[in-house]
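Keeping their order, the protein sequence lines are chains E and A.
The numbering of the first sequence is the working numbering, which starts it at 1 and goes up by one.
The numbering of the second sequence is the working numbering, which starts it at 1 and goes up by one.
Worth flagging that the hints you see were computed from the coordinates, not collected in a lab.
The structure presented is a predicted model; accordingly, all values stated were derived computationally and were not measured.
Keep in mind that the hints are not guaranteed to be accurate.
[Said to hold, decoys possible] On the chain A side, residues computed to face chain E include the following (Cβ under 7 angstroms):
no. : residue
1   : Glu1
2   : Lys42
3   : Phe45
4   : Ser48
5   : Phe106
6   : Gly107
7   : Pro108
8   : Gly109
[As the list claims (entries may be wrong)] In silico DSS-like cross-links for lysine-lysine, where the CA-CA straight-line distance does not exceed 27 angstroms:
no. : chain 1 : residue 1 : chain 2 : residue 2
9   : E       : Lys68     : E       : Lys54
10  : E       : Lys68     : A       : Lys42
11  : E       : Lys68     : E       : Lys56
12  : A       : Lys57     : E       : Lys38
13  : E       : Lys38     : E       : Lys68
14  : A       : Lys42     : E       : Lys56
15  : E       : Lys56     : A       : Lys57
16  : A       : Lys42     : E       : Lys71
17  : A       : Lys42     : E       : Lys5
18  : A       : Lys78     : E       : Lys54
19  : E       : Lys106    : A       : Lys57
20  : E       : Lys71     : E       : Lys54
21  : E       : Lys106    : E       : Lys71
22  : E       : Lys5      : E       : Lys106
[What the hints assert, rightly or not] Residues of chain E placed beyond 10 angstroms of chain A at every Cβ, according to the derived structure:
no. : residue
23  : Asn7
24  : Ser10
25  : Leu11
26  : Asn22
27  : Phe46
28  : Arg61
29  : Thr103
30  : Lys106
31  : Ile111
All C-beta atoms, glycine included, are put in the ideal place defined by N, C-alpha and C.
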Amino acid sequence: DQQVKQNSPSLSVQEGRISILNCDYTNSMFDYFLWYKKYPAEGPTFLISISSIKDKNEDGRFTVFLNKSAKHLSLHIVPSQPGDSAVYFCAAENLRGGADGLTFGKGTHLIIQP
Amino acid sequence: EPEVTQTPSHQVTQMGQEVILRCVPISNHLYFYWYRQILGQKVEFLVSFYNNEISEKSEIFDDQFSVERPDGSNFTLKIRSTKLEDSAMYFCASRPGLAGPNEQFFGPGTRLTVL
Numbered sequence: 001d002q003q004v005k006q007n008s009p010s011l012s013v014q015e016g017r018i019s020i021l022n023c024d025y026t027n028s029m030f031d032y033f034l035w036y037k038k039y040p041a042e043g044p045t046f047l048i049s050i051s052s053i054k055d056k057n058e059d060g061r062f063t064v065f066l067n068k069s070a071k072h073l074s075l076h077i078v079p080s081q082p083g084d085s086a087v088y089f090c091a092a093e094n095l096r097g098g099a100d101g102l103t104f105g106k107g108t109h110l111i112i113q114p
Numbered sequence: 001e002p003e004v005t006q007t008p009s010h011q012v013t014q015m016g017q018e019v020i021l022r023c024v025p026i027s028n029h030l031y032f033y034w035y036r037q038i039l040g041q042k043v044e045f046l047v048s049f050y051n052n053e054i055s056e057k058s059e060i061f062d063d064q065f066s067v068e069r070p071d072g073s074n075f076t077l078k079i080r081s082t083k084l085e086d087s088a089m090y091f092c093a094s095r096p097g098l099a100g101p102n103e104q105f106f107g108p109g110t111r112l113t114v115l
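Please work from the sequences and hints to get the whole structure.
Shown next, in the form of structure tokens:
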């Protein structure tokens, strides 16, 4: 039961270009979506989130877009830097439903090439 | 900067043995979580804990699992009788409250290997 799907296991982008990571979900009850970044041997680190009532949230080089009708969100990183190389997880939660555990996608390994 | 800490970083145990994984959440946080990630798979929610009781648990969190906050700082996950399939990274997380979007802060994880 994959309520949150990240269909690209890996993505390679040249330094300085835009990285676009995609995520789809099936549960319309999710009210927050979050992106986490993970380096090997470390725990996930929060990057950016978006409420289901918004369609865009921006924080520095990171922008998350939400398309509720398509049940799709994306994370844009621009410009991409070598330190951005990591696994990126899309996650969702249903706080109104009292379910505060995060549902994660399988992750996308982003590789920034010099 | 405050952070979630976990001990040990790696635990090796024999099948059928009990293990206790320890976490120290960020001090002013009220909600605590355990997740696991089996090698090559996604991070999966196990349980959330608030006000000294479980607030939500997943199907994975069966009778073999229990959580406890034995004092004001530690948060533990106990697996009563480990199975081979319990081998995974276990992550503890905490958050200050539920008024969103308060992100969950994750610890570095404990790698559990069941032989």
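Hints and how they fare:
1. Glu1: violated (12 angstroms)
2. Lys42: Cβ of A/Lys42 sits 4 angstroms from chain E, so the hint holds.
3. Phe45: holds (4 angstroms)
4. Ser48: Holds - the Cβ of A/Ser48 comes within 7 angstroms of chain E, reaching about 5 angstroms at its closest.
5. Phe106: holds (3 angstroms)
6. Gly107: Since chain E brings a Cβ to about 5 angstroms from A/Gly107, closer than 7 angstroms, the hint holds.
7. Pro108: Since chain E brings a Cβ to about 5 angstroms from A/Pro108, closer than 7 angstroms, the hint holds.
8. Gly109: This hint holds: A/Gly109 lies near chain E, its Cβ roughly 5 angstroms from the closest one there, short of 7 angstroms.
9. E/Lys68 <-> E/Lys54: holds (9 angstroms)
10. E/Lys68 <-> A/Lys42: holds (23 angstroms)
11. E/Lys68 <-> E/Lys56: holds (11 angstroms)
12. A/Lys57 <-> E/Lys38: holds (24 angstroms)
13. E/Lys38 <-> E/Lys68: Holds, at about 26 angstroms.
14. A/Lys42 <-> E/Lys56: holds (26 angstroms)
15. E/Lys56 <-> A/Lys57: Since the Cα atoms of E/Lys56 and A/Lys57 sit roughly 31 angstroms apart, the hinted pair is violated (cutoff 27 angstroms).
16. A/Lys42 <-> E/Lys71: holds (20 angstroms)
17. A/Lys42 <-> E/Lys5: Since the Cα atoms of A/Lys42 and E/Lys5 sit roughly 10 angstroms apart, the hinted pair holds (cutoff 27 angstroms).
18. A/Lys78 <-> E/Lys54: Violated. A/Lys78 to E/Lys54 sits at ~39 angstroms, over the 27 angstroms cutoff.
19. E/Lys106 <-> A/Lys57: Distance of about 20 angstroms is within 27 angstroms: holds.
20. E/Lys71 <-> E/Lys54: Since the Cα atoms of E/Lys71 and E/Lys54 sit roughly 13 angstroms apart, the hinted pair holds (cutoff 27 angstroms).
21. E/Lys106 <-> E/Lys71: It holds: about 17 angstroms lies between the C-alpha atoms, which stays within 27 angstroms.
22. E/Lys5 <-> E/Lys106: holds (7 angstroms)
23. Asn7: holds (13 angstroms)
24. Ser10: Nearest chain A Cβ is 13 angstroms from E/Ser10, so the label holds.
25. Leu11: Given a closest Cβ separation of 17 angstroms, the condition holds.
26. Asn22: It holds; E/Asn22 is separated from chain A by about 16 angstroms at its closest Cβ, greater than 10 angstroms.
27. Phe46: violated (4 angstroms)
28. Arg61: Given that every Cβ of chain A is farther than 10 angstroms from that of E/Arg61, nearest at about 18 angstroms, it holds.
29. Thr103: Not fine: 7 angstroms to the nearest Cβ puts E/Thr103 too close to chain A.
30. Lys106: violated (4 angstroms)
31. Ile111: holds (18 angstroms)
When held up to the earlier numbered hints, the structure conflicts with 1, 15, 18, 27, 29, 30 and fits the remainder.
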